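J.: Read off the chains here:
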Amino acid sequence: MNNLVVIPILIPLVTALLLLFFRKNIFWQRVVSIISALLALGVSILLAITVAQDGIQVSQIGNWPAPYGITMVADLFSAIMVMLSAVMAIAIIAYSFNYIDRKREEYFYYPLLQLVLMGINGSFLTGDIFNLFVFFEILLIGSYMLLSLGGEKYQLQEAVKYMIINILASSLFLVAIALLYGVTGTLNMADLAVKIAALEDTRVITVISMLFFAVFAIKAALFPLYFWLPGSYHAPPTPITTLFAALLTKVGVYALVRTFTLIFVQDVSFTHTVILVIAGFTMSLGVLGAVAQMDFKRILAYHSISQVGYMVMGLGLYTVTGLVGTIFFIVHHSLIKSSLFLISGITEKITGTTDLRKLGGLLTAFPLVGWLFFIASFALAGTPPLSGFFSKFLLIKAGLDIGQHAIVAVSILVGTLTLFSMVKIFYYAFWGKEPHKYIPKDGTKWVRLTPAVIYLITLSALIGVNFEWFYSYALMASEQLMNPEIYIEAVLGRGGH
Amino acid sequence: MNNLILRTIAKRTFYLFVAFSLYLLFRGHNLPGGGFIAGLLTVAAIVLQYLAFDIKYVQKLLPIDYINVAVMGLVLATLTGIGGMFLGYPFLTQAFDYYTIPIFGTVELATALLFDIGVYLVVIGSVLTIISAIGDEKPWNS
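Residue numbers (my numbering), protein chains in the order written: chain H, 102 to 598; chain A, 13 to 154.
Excised from the complex, chain H in its bound form (with noise of 0.2 Å):
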């Protein structure tokens, strides 16, 4: 029992509450919410501390015991995601302060923002599916709110197909709670990873396990799934979409990997093998549309799609290189791609579009803004010392290594496309001379939202060039996740129950 596991919930939700009282006093519900993720970020040292040394936390609660009340469960891979989620935090709040509007401010930015983190890190920690469902729909209302959060035609028009696609996904999700508590009789994890290891015939949950499989490749944006993302990611503002892109897929990436880590390894040859090949065609169809795009945003949307199918691959190979793979895959993404979202907002506020054919020049007008792309791009594209080197480089070896020879040809072409793609960007955007002069109209402004950038640029180069450390982590992550009886037996108790 250790209630540091609820914590990483509880900071959001009271840092919410407060921020409710004063809602119409910008000035505090700015140092609230920064100084709260600053705080998060602390606890999910602590928890990722305390899990490294003393293995998985777990917290019944309500004090009712394992399979009949909620356990929430902190394993190391738990632990890394709850981390990221804080560092995501502290980039998107400070970013916010001077890219968001006054009127959004008024209504809700904040509070919203911790009430989405909230259901982010209790998707992460909790280890009861019913309990997963509810945290989606925590952070999906969030998310709604944030989509359309001031009214303009194109928000709403996206907003509500992102709504429609979820509340089907979300739907469909509860269908398969159902039918897997029909025939198993539980909804803990750890106890359902039980129950099925002992059923007889296990093909009803084969089928029922790519029901989950559809709910999540949805949350994720994989193939043929993905149409919803391009359009929410280009209509709101750009730290939302930096949230989007940042956390909300990858809640879905973590519940593909929890379930079928944890409960469905009944029939791996199967299963894990149409993840593999939903993966291969998400990463090529994805960077093909982003290929094909000439608007910065939605460049990095499409891109957005294409590397999720990355962080998948790891899963679909399933051993311990690809989930080791994945975890880095899922952490280099989340603070390049971000970068690169949050650079796509300073150019907006400079030159007032994100169309590429009207841009050009950046590099030679703004060059500190040209430079950071430059990082963040071949960070995107994997060039060492960055962090997307190693991420790729582990998911090829771990292909390698059992012969799928197929598809690491395919994420090494696509990685060879991300980079043209993102040659493009730089090619029209940052190249070239300026169409006409850029006079940002905020003034100098838009050098406060760089510092987000620098520090999500650092963090990446830093797991770069301290490789080895972070590498030992991800190990251990990745092989808990690999030996579910660990996890079984610390939200159960010695020998199941």
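These aren't lab readings, by the way, just hints derived from the structure by calculation.
It should be emphasised that the depicted structure is a prediction, and the values quoted were computed from it without experimental measurement.
Here a beta-carbon is modelled for each residue, glycine too, at the ideal position from N, C-alpha and C.
Where hints are given, some of them may not hold.
A few chain A positions that, by computed beta-carbon distances, are all more than 10 Å from chain H [what the hints assert, rightly or not]:
hint, residue
1, Leu34
2, Ile113
3, Pro114
Capping the alpha-carbon separation at 30 Å, the derived lysine-lysine pairs in DSBU-like fashion look like this [what the hints assert, rightly or not]:
hint, chain 1, residue 1, chain 2, residue 2
4, H, Lys204, H, Lys546
5, H, Lys204, A, Lys72
6, H, Lys254, H, Lys546
7, H, Lys534, H, Lys459
8, A, Lys68, H, Lys204
9, H, Lys262, H, Lys459
10, A, Lys68, H, Lys125
11, H, Lys125, A, Lys72
Stretch by stretch, here's where chain A covers chain H in the computed footprint (C-beta under 8 Å, at least three residues) [claimed, not checked]:
hint, stretch
12, 112-123
13, 152-163
Fit chain A to the supplied structure of chain H, relying on the hints for placement.
T.: What follows is chain A alone, placed relative to chain H:
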């Protein structure tokens, strides 16, 4: 709308509604009822006033910002959950004991009731906010 029968009934039944909703709230811990349904019933009582009279009249009657009611409820529920953590129990652990109170006799008092009151306030606050927002049509740029 100017409907004498509706207005008379709405006025008289208001207290009945609220009393019954409180009854549901307090029995809800171990019997059917609870904060959610009690909150909805209270809302129904207030919405009936909206229908019978008009928004301005009800707002004069209840000069509260409904959002604050919801926030108070959330705070109460959260604090109930956190309270046990200071005593070393997991989040949301509840405690109960039996007390003898004059008039009522022996009653079971549980911290779950505090949580339920929180839920009650959240339901009242949020549903009334939604209804008055729809009824009021306050645009974004006002």
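J.: Next step is simple, just say for each hint if it's right about the structure.
T.: Do the hints match the structure? See the list:
With a closest Cβ-Cβ approach of about 25 Å to chain H, A/Leu34 is found to remain outside the 10 Å limit, as its non-interface label requires. Against chain H, the non-interface label of A/Ile113 holds: every CB pair exceeds 10 Å, the least being about 26 Å. For A/Pro114, the requirement that its beta carbon stay farther than 10 Å from each beta carbon of chain H is met, with the minimum near 32 Å. Using a Cα cut-off of 30 Å, the hinted pair H/Lys204 and H/Lys546 holds, with the two alpha carbons roughly 18 Å apart.
A distance of roughly 28 Å separates the Cα atoms of H/Lys204 and A/Lys72; the hinted pair therefore holds under the 30 Å criterion. Of the supplied pair hints, the one linking H/Lys254 and H/Lys546 holds, its CA atoms being roughly 27 Å apart against a limit of 30 Å. Taking the CA atoms of H/Lys534 and H/Lys459, the gap is near 11 Å; set against the 30 Å cutoff, the hint holds. Between A/Lys68 and H/Lys204 the CA atoms are separated by roughly 26 Å; this keeps the pair inside 30 Å, and the hint holds.
Note on H/Lys262 and H/Lys459: the hinted pairing holds, with a Cα-Cα distance of about 28 Å set against a maximum of 30 Å. At roughly 24 Å between alpha-carbon atoms, A/Lys68 and H/Lys125 fall within 30 Å of each other, so this suggested pair holds. Simply put, H/Lys125 and A/Lys72 have alpha-carbon atoms about 23 Å apart, close enough for the 30 Å limit, and the pair holds. Remark: the stretch 112-123 of chain H is confirmed as covered by chain A, as 5 of its residues place a Cβ nearer than 8 Å to a Cβ of that chain, reaching the required three.
Three residues within the 8 Å Cβ limit are the bar, and the stretch 152-163 of chain H against chain A gives 4, so the coverage statement holds.
Violation of the numbered hints given earlier is absent; every hint is satisfied by the structure.
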